[in-house]
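Peer 1: If you want the building blocks of each chain, they are given just below.
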Amino acid sequence: MNVVADNIVLLVVAGMGGAILLVIAFIVFHMRNQNKLLQQRELQQQTEIEHQKSLLSAVIQSQEGERKRIGQDLHDDVGSGLSNLRLTIDMFDYHNVTPENFRKFSLSYKQSIDHIITDVRHISHNLSPPRLTLFGLTAALEDLTDIIPRSGIKLALNNNAADVLAKLDITVATTLYRVFEELINNTIKHAAANQITITIGQQDNMVLIDYSDDGIGLQLKRKEFRGMGMQNIESRLNMISAVYEIDKERDRGFRIVITHSLAQ
Amino acid sequence: MRHPLTQLFLPLTSLVPIIVGAYNFSFLSKPAKIIFYYVIFAAVLDEVSIQLASHHIHNIIGLHFYTIVEFFILSGFFVNVFNQKRMVSAVKVMGILFTILCLVNVALFQKVTQFNTYTRSLEALLIVVYCLIYFDQESKLKQTVQWQNRPNNWFVTSNLQYFACAFFLFLFSNVIGAMVKPATFSRIWDIHTCLVMAMYLLFATGFWYERSSR
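Sequence order for the protein chains is A and B. Using numbering that gives the first Met the number 0, read the first sequence as starting at 0 and increasing by one per residue. Using numbering that gives the first Met the number 0, read the second sequence as starting at 0 and increasing by one per residue.
If you're looking for bench data, these hints aren't it; they were derived computationally from the structure. A few of these clues could be false.
[What the hints assert, rightly or not] Here are the simulated DSSO-like cross-link-like pairs (lysine-lysine), alpha carbons at most 30 angstroms apart as the crow flies: (1) A/Lys109 to A/Lys153; (2) A/Lys35 to B/Lys139; (3) A/Lys52 to B/Lys180; (4) B/Lys91 to B/Lys110; (5) B/Lys180 to B/Lys141; (6) A/Lys52 to A/Lys35; (7) B/Lys29 to A/Lys35; (8) B/Lys84 to B/Lys32; (9) B/Lys141 to A/Lys35; (10) A/Lys52 to A/Lys247; (11) A/Lys247 to A/Lys67; (12) B/Lys180 to B/Lys110.
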């Protein structure tokens, strides 16, 4: 048997020294790692809060814009129509009432009232499209295909999921309709496009909406698309738990794919 | 004759967590209160041990009893910090098994006048394992406060540094005692005293953070 000349005391002290170094290293790494994770999480939360704030601000600004537009419509159309009506009444000569005068007055009076009725109907339809409530999203979108070409942009609607759209909850249908309005509005205002293509399909338990235009695209107008309109679209889609993806690979034109789960 | 480190500085250091703990007692959580009682128990036993040694009375007998109670108290602490039922049950079962092992050790292997190297080392090993499980558990949780502001981290760190380092000393205590002069043996135990003092100061830090964590 070999005699070992190692100093046991030295070995034990070295073992204890090694152990304390390992413990310190472990604690320091654990502490740093945990604090770093916490910092990252806080940063992520802060970014999320900021994003939510900007979405909320977009919703509020959009509501204010809508109110302003309704106010303006009421003032310009209904208000002026009623003023005309009042003027017509004021101008009527009560002292010289002849059948011819009365016929002219009556005709002018009826025309003014008809104008006001048409204006009120337009405002009301803008606020809540009756076709959407009565006949569903498909019918409301078909109306859009009639209206949009008047602005000089062609709109092609390929609806392969009419049955599914007819069964959509009214809140979801209205939200999707507003998103279409916003997208079309963006295209008309900013994209300088000639053609809009909307394809609606169904895959598994999902409604897939593919919206594209052949305008100047997102690359050139990035800031504008990240502005109010896009935030408005995002907050509306968030409300119905739908997700969207913007095609950033396109050289020209804009494309967004919206997916809404029917399982909700 | 023992070093002033053991006779003077250790009892004084043990007062630090006791004072800080008592000052913040109303803010202490259940695990912190267990640690507080553990510090009082350890400080009292240390003082008794020092007094016995200074009067040349054998004090190793108490260590066998101390090991069982210490493991019981620390197991109580870990039962309160572990969040998995399976782990809590394992700690409780281990507490019972360890007590049986200590009694078997005294009855069959190491006399009460001998240092209980087997059970004391096993205790150190188990506590180190508990500490590592605690840190693993903490790593899996989504923390909302910084590491240093969580008092339990300080308590567990304190246990980890003490038991991980003292493990070697517990393991070879009887061997070293037989091989070296009593004076040298005493100096080696001074290292242990330093570890105990570090443990007390880390406990005090934990007690201090208990107030701000509420």
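Peer 1: Does each hint fit the structure? Answer for all of them.
Peer 2: A quick look at each hint next to the structure:
A hinted pair counts as satisfied when its Cα atoms are at most 30 angstroms apart, and A/Lys109 with A/Lys153 does not qualify at roughly 37 angstroms. Among the hinted pairs, A/Lys35 with B/Lys139 is consistent with the structure: their alpha-carbon atoms are about 14 angstroms apart, no more than 30 angstroms. For the suggested pair A/Lys52 and B/Lys180, the alpha carbons sit about 74 angstroms apart, so the restraint of at most 30 angstroms is broken. Simply put, B/Lys91 and B/Lys110 have alpha-carbon atoms about 27 angstroms apart, close enough for the 30 angstroms limit, and the pair holds.
Proposed proximity of B/Lys180 and B/Lys141 is contradicted: the alpha carbons are some 52 angstroms apart, above 30 angstroms. For a cut-off of 30 angstroms, the pair hint linking A/Lys52 to A/Lys35 stands: about 26 angstroms separates their Cα positions. At most 30 angstroms may separate the alpha-carbon atoms for a hinted pair to count; B/Lys29 and A/Lys35 meet this at roughly 28 angstroms. Distance hint between B/Lys84 and B/Lys32 is fulfilled; the C-alpha atoms sit about 21 angstroms from each other, no more than 30 angstroms.
In summary, the hint linking B/Lys141 to A/Lys35 is supported, as the alpha carbons are separated by about 12 angstroms, within the 30 angstroms threshold. At most 30 angstroms may separate the alpha-carbon atoms for a hinted pair to count; A/Lys52 and A/Lys247 meet this at roughly 25 angstroms. A C-alpha spacing of about 34 angstroms is found between A/Lys247 and A/Lys67, which places the hinted pair above 30 angstroms, so the restraint is violated. Proximity of B/Lys180 to B/Lys110 is assessed by CA-CA distance (about 22 angstroms); at most 30 angstroms being required, the pair is judged to hold.
Taken one by one, the earlier hints fail for this structure at numbers 1, 3, 5 and 11, listed in ascending order.
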